[in-house]
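The sequence shown begins at 1 in UniProt numbering and counts up one residue at a time.
It should be emphasised that the hints constitute simulated quantities derived from the structure, not laboratory data.
One or more hints might be untrue.
[To be verified] In the DSSO-like style, the derived pairs of lysine-lysine whose C-alpha atoms are separated by at most 27 angstroms in a straight line are:
1. Lys47 to Lys139
2. Lys47 to Lys37
3. Lys47 to Lys95
4. Lys165 to Lys37
5. Lys126 to Lys95
6. Lys95 to Lys139
7. Lys165 to Lys95
8. Lys47 to Lys165
9. Lys95 to Lys37
10. Lys91 to Lys126
11. Lys126 to Lys139
If you're wondering where the values come from, they're calculated on a predicted model, not measured in any experiment.
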Amino acid sequence: MRKLFITLILTITSLILPDVFAKSSNSQRNHAYTGVKIAYATSELTKCSFQYSPINFCDDEHVAAYNNTLNSAPANFNGHYIILARPEFEKYHQKSVVAIDTQSGLAYPLPIDSFSGFMHGRPTAKDGGQISYSINSNKVCIRGAILVYRSFEEGNFCFEFVGDKFIGHHTEYMYP
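Based on the sequences and whatever the hints tell you, model everything.
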């Protein structure tokens with residue numbers, strides 16, 4: 001009888017506990033996408049691009065990527081943000097970068113058009129470059145080439161997210 005009782009308790013526990021843990025881990029859902037915030041000079045037409053940038057961070061493809069990310073990914077940067085490195089010019093291995101606030105749904109673009117691997121004097125990179133960040137830090141670092149206002153720069157670049165914008169390595173898009 002005691003064996004049967006213990007088996008019954010173990011069976012019930014094994015059926016109930018996964019549901020309890022699943023509910024507690026998913027209890028805080030990400031906020032829905034609400035918009036893009038660029039704290040630097042923007043395009044007069046859209047307010048969704050850095051001035052003179054070809055990247056429209058509010059177009060349908062970008063918004064779909066933000067929604068998909070907010071629906072499927074946990075915070076991975078600076079406590080409650082998600083870093084999304086999204087392909088822009090795939091033929092050239094280039095990706096744009098935004099930090100998406102999981103609490104407000106706002107997307108904050110890194111002040112570059114895109115990044116890729118090192119070009120080493122070639123017209124295009126052979127890989128996608130490296131990006132590093134942490135849930136416990138406000139710093140994003142890129143190793144490779146960055147494209148800003150039709151100009152490439154190669155090296156190691158670090159930016160910190162402070163308030164509503166990225167600061168650190170100075171790019172042409174950071175001028176008022």
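Looking at the structure, which of the earlier hints fail to hold? none
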